[in-house]
Amino acid sequence: MGESSSHESFRTTLLDRRILTATDVPGLYQRSEGFEAVVRGLSGALAATVPEGPVETRYLAPVMPRDVLEDSDYVTSFPNLMGVVSSFLGGEGDLSELRRRVGSGEDWGALVDPTEVALCSAACHQLYPTLAGSTVPDEGFDLQVEAYCFRHEPSEDPARMQSFRMREVVRLGSPERALAHRDQGVERVRAVLAELGLEADVVEANDPFFGRGGRMLAADQRERALKFELVAPISSAAPGAVASANYHEDHFGRRFEIRRADGSPAHSACVGVGLERVALALYWAHGLEPLDWPRSVRSRLGLA
Amino acid sequence: MDADATIRRVLEEHGRLSTPATALATDDDLYQRGLSSHASVNVMLALEEAFGVEFPDELLRKSTFQSIGSIRGALAGLGNAVPPA
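From first to last, the protein sequence lines stand for chains V and Z. Heads up: the first sequence begins at 1 in my numbering, then just goes up one per residue. Heads up: the second sequence begins at 1 in my numbering, then just goes up one per residue.
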């Protein structure tokens, strides 16, 4: 693909070729069958590389109980990125005002209220409440998970979708086993990407925690090198994160009362891959027609 | 109420510590006493409100909130930090 460091020309090409179809809201796309085949192939390729015996896999809804935002601290750490599902909770008597506003093209947002449902913030967040109160072995309890996630960050850059899939492997256990999972997971994903013809670099990273308190969390995350990202060109020559690996210490273990055998809070780490981002990186690296991609890449994705 | 007592009150209310804040030594490591990263943010914001100050960026790090002593030192460095009456 092109030398341009801007994502605009790549976006235009993706839309012209109907690989993605844009909507009226920046960052929301419809995917073509070809694009979807790449995503599914990637999902399968990643699943096949998870080591060490049987790992339970869960496919999650794009929505989750709203409580999870609170219990994971997402609501205070990333209030600007979260999504809460609203609905009309009024009675018939309130309906006329809604009808009137919709009819006259006025804003009707104030007439709906948040429900008990939120959009999935991160695939692994949905897991912890289902493990609350349990005890995990020190060597680690691994779960593989895939979900549509949501980030409210409207952008014209196709690499920054508001709704995208994340595939993760999460481990809960001792600090050592959680850390080992993070570090081995990075290499495992990097190896898959290499087989797909993508050379990804590992860089230290921090989450985009919100506000002044967030600056404290981000500085701490970097100081202690808790999070790493795999970066590669996605929609322009400038590398962006296609995967991330995060050691949470006992943050989730403590909040969700997931314990080790000795009763102390379990430590956890997750290694997550942004499926759409990797798919875009493949189009960027190998061209717009998957039929023309190298045979080894096609075969790894099950497209051959 | 002196600064020390105010710091302890904030820690008691926001720190979710495993030890009562009144029983802490000035140099006890609060993170060892169960202060989580997220709780340390709440402590930071509550201290700002209690003392009427704003911590500058260079103090927005976990080490600032490591102990009662380090918090006291940071507040003293801000000059205008006055213990509330």
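You may find that some hints are simply not true.
Facing chain V, a subset of chain Z residues (Cβ under 10 angstroms, in silico) [what the hints assert, rightly or not]:
| no. | residue |
| --- | --- |
| 1 | Leu24 |
| 2 | Thr26 |
| 3 | Asp27 |
| 4 | Asp28 |
| 5 | Gln32 |
| 6 | Gly34 |
| 7 | Ser40 |
| 8 | Asn42 |
| 9 | Val53 |
| 10 | Phe55 |
| 11 | Leu60 |
| 12 | Lys62 |
| 13 | Ser63 |
| 14 | Ile68 |
| 15 | Ser70 |
| 16 | Arg72 |
Please keep in mind that the hints were generated in silico from the structure rather than gathered at the bench. Quick caveat, the model's predicted, so the values are computed rather than measured. Yeah, the Cβ is synthetic: ideal placement off N, Cα and C, and Gly gets one too.
*Which numbered hints are broken by the structure, listed smallest first?*
Result: hints 1, 2, 3, 4, 5, 9, 14, 15 and 16 break, sorted rising.
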